[in-house]
Amino acid sequence: TLKKLGLCRISNTPCLYISNRLIVFFYVNNIIVLIHPNYLNAYREFKRKLI
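According to my numbering, the sequence shown is numbered sequentially starting from 24.
If you are wondering where the hints come from, they were derived from the structure by calculation, not from laboratory data.
The beta carbon of each residue, even a glycine, is placed where N, CA and C say it ideally should be.
Among the hints, a few may not be true.
[What the hints assert, rightly or not] Here are the simulated lysine-lysine pairs, DSS-like style, with alpha carbons at most 25 Å apart:
#, residue 1, residue 2
1, K26, K70
2, K26, K72
3, K72, K27
4, K70, K27
[Stated by the list, open to error] Each pair of labels, with its calculated beta carbon distance range:
#, residue 1, residue 2, range
5, S34, P60, 27 to 33 Å
6, P37, N64, 26 to 32 Å
7, L57, N35, 18 to 24 Å
8, R67, S34, 24 to 30 Å
9, T24, N53, 17 to 23 Å
10, I74, R44, 14 to 20 Å
11, S34, I55, 17 to 23 Å
12, N64, K27, 14 to 20 Å
13, N35, N64, 30 to 36 Å
Please take these sequences and the hints and turn them into a complete structure.
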């Protein structure tokens, strides 16, 4: 689950999750991940665990 990946759901927004380094938005079959360039490795790790 996303909680196991370190993400928390934003209240009243079932498709928006955050961590201290990532913002993840799910819509239908799309995933949008927002990161600061300093946290590119955190994104790569998230992507590796997600797939």
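Status of the hints after comparison with the structure:
{"no.": "1", "hint": "K26 to K70", "in the structure": "holds, 14 Å"}
{"no.": "2", "hint": "K26 to K72", "in the structure": "holds, 12 Å"}
{"no.": "3", "hint": "K72 to K27", "in the structure": "holds, 10 Å"}
{"no.": "4", "hint": "K70 to K27", "in the structure": "holds, 13 Å"}
{"no.": "5", "hint": "S34 to P60: 27 to 33 Å", "in the structure": "holds, 28 Å"}
{"no.": "6", "hint": "P37 to N64: 26 to 32 Å", "in the structure": "holds, 28 Å"}
{"no.": "7", "hint": "L57 to N35: 18 to 24 Å", "in the structure": "holds, 19 Å"}
{"no.": "8", "hint": "R67 to S34: 24 to 30 Å", "in the structure": "holds, 28 Å"}
{"no.": "9", "hint": "T24 to N53: 17 to 23 Å", "in the structure": "holds, 19 Å"}
{"no.": "10", "hint": "I74 to R44: 14 to 20 Å", "in the structure": "holds, 18 Å"}
{"no.": "11", "hint": "S34 to I55: 17 to 23 Å", "in the structure": "holds, 19 Å"}
{"no.": "12", "hint": "N64 to K27: 14 to 20 Å", "in the structure": "holds, 19 Å"}
{"no.": "13", "hint": "N35 to N64: 30 to 36 Å", "in the structure": "holds, 31 Å"}
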